[in-house]
Structure formats: structure tokens, C-alpha cells
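Participant: Just so you know, the protein sequences line up as chains A and E, in that order.
By the numbering used here, the letter at position 48 of the first sequence is numbered 84, and the numbering carries on one by one without gaps.
By the numbering used here, the letter at position 90 of the second sequence is numbered 91, and the numbering carries on one by one without gaps.
Keep in mind the hints are simulated off the structure, nothing from the lab.
As the structure is a prediction and not an experimental result, all values here were calculated from the model.
For glycine and all other residues, C-beta sits at the position ideal for the given N, C-alpha and C.
Honestly, I wouldn't trust all of these hints.
What the hints assert, rightly or not - Here are some chain E residues the structure puts well away from chain A; computed CB gaps all over 10 Å: (1) Ala8; (2) Ile66; (3) His75; (4) Val91; (5) Val131; (6) Arg134; (7) Lys136; (8) Thr180.
To be verified - If you want a taste of the chain E side facing chain A, the calculated C-beta under 7 Å gives, among others: (9) Asp100; (10) Pro110; (11) Thr111; (12) Glu167.
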Amino acid sequence: MTLIEPSRRTIVAGGAALAAGGLSALVVPAQVQAQALAPTPTMRGGANNYRPGAPIVERIGGGGFWMSGTVRRAGDGAPLSGQRIQIWAHTTEGHERDLHSHGSTLTDENGAYRLEMPQIVPAFGQAHGHLAYDAEHNSGEFQTVFLRPLMASSNDTSLEAHFVLQPA
Amino acid sequence: MDKVRDAGTWLILGALIAVPIALAVTSPLLAWREPIYIAAGLAGVVGLCLILLQPLIIAGSLPGITRRVGRTLHPWLGGFLVLTVIVHIVGLWFTSPPDVLDALLFRSPTWFSVWGVIAMWSAIAAALLVAFRGKSPARRARVRRLHVVLTTLVAITTIAHAILIEGTMEFTSKLVLCTAVLVAMGVSVFTLRSWR
Chain A
37 MTLIEPSRRT IVAGGAALAA GGLSALVVPA QVQAQALAPT PTMRGGANNY
87 RPGAPIVERI GGGGFWMSGT VRRAGDGAPL SGQRIQIWAH TTEGHERDLH
137 SHGSTLTDEN GAYRLEMPQI VPAFGQAHGH LAYDAEHNSG EFQTVFLRPL
187 MASSNDTSLE AHFVLQPA
Chain E
2 MDKVRDAGTW LILGALIAVP IALAVTSPLL AWREPIYIAA GLAGVVGLCL
52 ILLQPLIIAG SLPGITRRVG RTLHPWLGGF LVLTVIVHIV GLWFTSPPDV
102 LDALLFRSPT WFSVWGVIAM WSAIAAALLV AFRGKSPARR ARVRRLHVVL
152 TTLVAITTIA HAILIEGTME FTSKLVLCTA VLVAMGVSVF TLRSWR
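Generate the whole structure from the sequences, applying the supplied hints.
Facilitator: And the structure:
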């Protein structure tokens with residue numbers, strides 16, 4: 037029964053560790069901090085209506101809504117440039133399964149991407165977007181990840197999704 | 002006085018059903034949906050309205066609908082309810098097969114899918130149970146009790162399903178309709194002493 041009962045010493049030690057952690061967040065550079073950066077897991081339903089190889093586009097449809105985010109390497113958190121990310125959603129211009137609702141973009145030298153697309157509207161019960169990092173349509177250095185981020189409000193005109201990729 | 006009360010009952014019931022349907026068929030979301038997706042969503046709304054009517058009809062709580070009439074009407078509306086469930090799911094399937102497959106296999110990221118699928122199986126089971134209930138009075142009594150358990154489950158899980166969804170239903174009218182479903186179910190179970 038005493039297995040999970042913390043002694044005074046563990047609490048003090050834990051507190052000290054927490055304080056040290058908090059302090060390091062203030063003084064240690066971000067790059068060193070990111071050393072233990074965990075990979076982003078694929079989300080349930082993230083791959084639904086994915087269209088492998090959707091073309092790289094300047095903008096999906098008429099635009100008006102911004103999808104953006106970053107792509108980094110697990111472990112050291114190094115930004116990954118030139119990574120191909122596919123984006124799709126149910127928007128004011130089409131259903132998720134429609135080819136014209138899909139488009140891909142590449143990350144810049146800072147590992148950031150940003151693609152304009154039509155306004156996402158609630159479908160299948162939630163306002164949500166879909167994103168894919170597909171190893172087969174990239175260098176293959178990293179494992180495939182599918183994301184399905186939710187919009188905090190269906191009135192939002194932008195949405196962010198960040199990838200931390202696991203080396204293959 | 003009774004006539005006024007009866008008219009009032011039907012007026013309230015009519016509003017409980019007509020207002021959410023009217024708001025759903027004028028939802029701004031419809032502008033960005035194909036007809037089959039619109040039909041699928043609307044079938045769900047109609048199904049929810051039938052879940053409100055069913056307990057009231059079988060309990061003989063509605064003016065002009067005696068229990069005798071109710072016993073004839075209830076199975077027909079039950080069949081219609083199962084049909085709305087089928088239209089709902091088939092319509093969603095055409096709209097996005099992988100999302101429906103995830104829901105049916107209980108691996109969807111959304112809780113409302115889980116509640117919806119439980120409601121679907123409960124409704125189908127409740128209908129099949131009655132369709133094959135046999136003749137013996139003892140068996141009929143057992144079937145009736147189980148039918149009430151299953152349909153109560155249908156009502157509760159359908160409400161959870163509907164409330165969690167951001168869809169064509171307007172939120173307040175949806176909340177009022179769902180509350181009415183719970184009250185109708187509870188009152189009817191009590192009126193019919195369904196646990197006996």
C-alpha cells in the first residue's frame with residue numbers, strides 16, 4: 037500500500053527537479069532543450085480521404101483561409117526544409133474526397149509551410165483539417181505522419197499543424 | 002377545456018419537431034454540402050424526432066391516439082426509424098467512406114461516432130427483437146422489457162451523438178428537442194410500468 041505514497045524526501049527532490057526544469061527553460065537555448073523532442077504520432081482518422089501525390093499548388097481554390105505550421109526532426113528539433121506536406125479539408129468549395137480540395141506545399145529553409153485554401157466548414161460533426169507527410173512522396177528519410185487538427189471555432193480563418201518527424 | 006389542452010399538446014409537440022427541422026433545412030452549412038450529404042443529415046434529424054414520438058405513442062399519451070391505435074402505429078414508425086438510420090449511414094458512406102468505416106469499427110477519433118454506432122445497433126436490435134418475438138405470453142413479456150432497455154439506450158446514445166455534433170441542427174432547438182426526448186422516454190416508461 038505504500039508503493040505510491042510519496043515520502044517527504046521524494047516530494048522535496050521532485051520539487052527541486054521541477055524548479056530546475058523550469059529554470060533551464062529560461063536559461064538553456066531552445067536547440068539544446070529540443071534534444072528530447074518526441075515525434076508527432078499519426079492521428080486517428082488523419083489519413084481519411086488522402087489523395088497520394090496531390091500536386092504542389094500556389095493556393096487551393098480561391099483561398100481565404102490559411103493553413104500553416106512547421107516540420108522538424110524528432111530528437112534535436114532541427115527544422116526540415118523542402119518537405120512536401122499535403123493539405124485537404126471539407127471547405128466552402130468542396131468535399132474532402134474531391135481532388136480539387138487537395139493541394140501540397142513545401143517547407144521553407146526554416147521548416148515552415150503556409151498554404152492558402154478555401155474556408156474550412158464543419159463536416160462530419162467537426163470543423164477540422166487534414167495534413168499528410170508521406171514518406172513515399174518525400175525523400176523517405178522520415179516516417180509517414182497524418183494529422184487531423186480541429187479548429188477551436190468554425191469561424192476561425194486559419195489553423196496550425198506541426199510535424200515532428202521520426203527518422204525512418 | 003380538454004379540447005384546448007389537447008390542441009396545446011399537439012401544438013407544443015409540433016413545435017418541438019418543426020422548429021429544429023426548419024432550422025436544420027435552412028442551415029448555412031447546407032450551401033457547402035452535396036444533396037446526398039444533406040439527405041443523410043436530415044435523415045438523422047427526422048430519426049431524432051421519431052425517437053421523441055415513439056414512447057409517447059406507445060404509452061397513449063397523445064390526444065386522439067389511444068393505446069390501441071398506438072400499438073398499430075408504433076411498429077410502423079419503428080420501421081420508419083430504422084429506415085432513417087439506414088439512410089443516415091448510407092448517405093454518410095457516400096460522402097466519406099473512410100469516416101463511416103472508422104465509426105463502424107469503433108476506431109473513429111470522435112466520441113459522437115461511438116454513441117451513434119451504439120444507437121444504430123440498439124435500434125436495429127430493438128426492432129428485430131420485436132419482429133421475432135413469437136407467441137407465448139412469457140416470451141412476449143421478456144421481449145417487451147428488453148425492447149424498453151434497448152430503446153432507452155437508443156434515446157440516450159442518440160442524444161449524446163446529436164449534442165456533440167457541430168452540424169446542420171441549430172444548438173438551442175437541438176438541446177430542447179433532446180431534453181423532450183429524455184422526458185418523453187422517462188414519463189412513458191413510468192406510465193407503462195415498463196419494468197414489470
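Participant: Now look at each hint and say whether the structure bears it out.
Facilitator: Hints versus structure:
For E/Ala8, the requirement that its beta carbon stay farther than 10 Å from each beta carbon of chain A is met, with the minimum near 37 Å. Annotated as non-interface, E/Ile66 keeps its C-beta farther than 10 Å from every C-beta of chain A; the closest such distance is 34 Å. Remark: the non-interface label on E/His75 is consistent with the geometry, its nearest Cβ contact in chain A lying 30 Å away (cut-off 10 Å). Separation of E/Val91 from chain A is adequate, the least Cβ-Cβ distance of about 15 Å exceeding the 10 Å criterion.
Non-interface call for E/Val131 relative to chain A: holds, since the shortest CB-CB distance, roughly 30 Å, exceeds 10 Å. A cut-off of 10 Å between C-beta atoms confirms that E/Arg134 is not in contact with chain A; the least separation is 35 Å. The Cβ of E/Lys136 sits about 43 Å from the closest Cβ of chain A, beyond the 10 Å cut-off, so the non-interface label holds. Residue-level check passed: E/Thr180 sits 20 Å from the nearest beta carbon of chain A, beyond 10 Å.
At a threshold of 7 Å, the smallest CB-CB gap from E/Asp100 to chain A is about 5 Å, leaving the interface hint in force. A cut of 7 Å between beta carbons decides the hint on E/Pro110: the least distance to chain A is about 4 Å, and the hint holds. Of the supplied interface hints, the one on E/Thr111 holds, with its beta-carbon coming within about 6 Å of a beta-carbon of chain A, less than 7 Å. This hint holds: E/Glu167 has a C-beta 4 Å from the nearest C-beta of chain A, less than the 7 Å allowed.
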